[in-house]
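*Asks:* Chain by chain, the residues:
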Amino acid sequence: MSPAATSVLLAVVVALVKGILIIFVLATTFAYLTLAERKISARIQLRFGPNRVGPFGFLQPAADAVKLFLKEKAAPEGRDHFLYLLAPALAAAAALFAFATIPVNQTICIGGTGGAGPLSASCPGGYPLHWDLAHLNVGLLFILAVTSLGVYAIFLGGWASNSKYSLLGALRSSAQLISYEMAVSFALVGPILLAGSLNLEAIVGQQHSLWFVFLQPLGFLLYFTAGLAETNRLPFDLPEAEAELVAGYHTEYAGMRFGLFFMAEYINMITVSSIATVMFLGGWMAPLWFLPNWLGPLWFGAKVGLLLFIMIWVRWTFPRLRYDRLMQFGWKVLLPLGLANILVTAVFVAVR
Amino acid sequence: MLDWTRMLFAYLPLLVFLAMVVAFGGAMTVVTTLLGPRRPTRAKGLPYECGIIPAETARRRFSVSFYLTAMLFIVFDVEAIFLYPWAVLVRHTLHIFGLVEMAIFIALLGVALLYVWRKGALEWN
Numbered sequence: 001m002s003p004a005a006t007s008v009l010l011a012v013v014v015a016l017v018k019g020i021l022i023i024f025v026l027a028t029t030f031a032y033l034t035l036a037e038r039k040i041s042a043r044i045q046l047r048f049g050p051n052r053v054g055p056f057g058f059l060q061p062a063a064d065a066v067k068l069f070l071k072e073k074a075a076p077e078g079r080d081h082f083l084y085l086l087a088p089a090l091a092a093a094a095a096l097f098a099f100a101t102i103p104v105n106q107t108i109c110i111g112g113t114g115g116a117g118p119l120s121a122s123c124p125g126g127y128p129l130h131w132d133l134a135h136l137n138v139g140l141l142f143i144l145a146v147t148s149l150g151v152y153a154i155f156l157g158g159w160a161s162n163s164k165y166s167l168l169g170a171l172r173s174s175a176q177l178i179s180y181e182m183a184v185s186f187a188l189v190g191p192i193l194l195a196g197s198l199n200l201e202a203i204v205g206q207q208h209s210l211w212f213v214f215l216q217p218l219g220f221l222l223y224f225t226a227g228l229a230e231t232n233r234l235p236f237d238l239p240e241a242e243a244e245l246v247a248g249y250h251t252e253y254a255g256m257r258f259g260l261f262f263m264a265e266y267i268n269m270i271t272v273s274s275i276a277t278v279m280f281l282g283g284w285m286a287p288l289w290f291l292p293n294w295l296g297p298l299w300f301g302a303k304v305g306l307l308l309f310i311m312i313w314v315r316w317t318f319p320r321l322r323y324d325r326l327m328q329f330g331w332k333v334l335l336p337l338g339l340a341n342i343l344v345t346a347v348f349v350a351v352r
Numbered sequence: 001m002l003d004w005t006r007m008l009f010a011y012l013p014l015l016v017f018l019a020m021v022v023a024f025g026g027a028m029t030v031v032t033t034l035l036g037p038r039r040p041t042r043a044k045g046l047p048y049e050c051g052i053i054p055a056e057t058a059r060r061r062f063s064v065s066f067y068l069t070a071m072l073f074i075v076f077d078v079e080a081i082f083l084y085p086w087a088v089l090v091r092h093t094l095h096i097f098g099l100v101e102m103a104i105f106i107a108l109l110g111v112a113l114l115y116v117w118r119k120g121a122l123e124w125n
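Protein sequences appear in the order of chains A and B. Counting in the numbering used here, the first sequence runs from 1 upward without gaps. Counting in the numbering used here, the second sequence runs from 1 upward without gaps.
Pair by pair, the computed Cβ-Cβ distance ranges are:
id, chain 1, residue 1, chain 2, residue 2, range
1, B, 15, A, 46, 47 to 53 angstroms
2, B, 85, A, 52, 52 to 58 angstroms
3, A, 325, B, 61, 20 to 26 angstroms
4, B, 8, A, 302, 34 to 40 angstroms
5, A, 217, B, 39, 53 to 59 angstroms
6, A, 63, B, 64, 43 to 49 angstroms
7, B, 68, A, 306, 35 to 41 angstroms
8, B, 89, A, 72, 54 to 60 angstroms
9, A, 65, B, 42, 26 to 32 angstroms
10, A, 62, B, 74, 42 to 48 angstroms
11, A, 63, B, 62, 38 to 44 angstroms
12, B, 27, A, 309, 30 to 36 angstroms
13, A, 302, B, 64, 45 to 51 angstroms
Read the hints as simulated data drawn from the structure, not as lab findings. Glycine residues also receive a C-beta, built at the ideal position from the N, C-alpha and C atoms.
Given these sequences and hints, build the entire structure.
*Replies:* Written as structure tokens, this is what we have:
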């Protein structure tokens, strides 16, 4: 084979292996995140939570998955057949796809003479092993673009169901998601200004001496708040609002079709926490100076886990906002604050 | 390799992964459709409405506020996209020149937000 064909084949094989790893890890994390949520909520409410299936309920997610697969798939009449089936698959696929450019460790040079630098753009004679699936210069833009596909899934699902609750949930959800998407994009401009790059590995590399959360505390708070809204978590879970809308956009979905929506929501939580870790919390870098840096993926996972715990904690602590307050909070508080944060940061970066 | 082929080469893994996630979503949908009992009844097929038989279709008119929000989103999101290439370049290339230029742009954005605010487009009644 010619060298070009060999390198293409190698790239495809590496992408396949990494893709299987990402799907496997995300699906497992999703399964145990549901268990963690039930356990933590139970402890907050002085209950035990699931503890019958396996020791400490560790097999509960497996039992849930089997149950979801084997349930009868009741579907409403008058539905749009194709869109009704497309929406949950699209939700799960978009949630998984968004994870492709998130680096969980710095690039490692296998063989060759480059060594593992913070960026290691050069790895002469060796193979640079990137710890993200696609090493793009515009990694952040890619994630923002793909995560907005989730709006389509939610709206199509709600509209195709031919149910009033679903339609109301879908309408509320799409208005909320697009409003808070702007808050997300404004909040992320701060770290980009400081790093001068859209490559996520380069952004983490810039946090070598000081994490951006200390330079951008407001940006971090804005991003995390808007991230809660983007993932439909309490106190912003108006699209589901079980007390008023039954279950919102997935009212008419049963079995694993509902499971795919559920999976998308939890994987989006993981993605939001991962982006916050990369942009503000120093990615794979050790949290304290005396801890070894080569345990990168472990530190990355610990930071993501901490943020996920805070998300669950928030859910069981705060009451739900009223819908008009929610929209006004996004447009009248988060948006102006985000603009002000960009201006102040830009002054510091440009004058320095 | 030429420069543009190397650039496209970086996107090759994405193409592979896209095929994988589409296959994942499709496989889950197909498997869950094949499994499980199928005993449809008239009542089971009705859209849920608290046990009442739905009187009409769900696809009817809805509040204009949602439409307004979508319009505002397009305006402000396009402006947000302008901020991204600028933010990358301020530190190494543009410096004060870029700062002044973008300060004017952000001020215009703020005026637009203020106008929308005062017009009451952000109120929900």
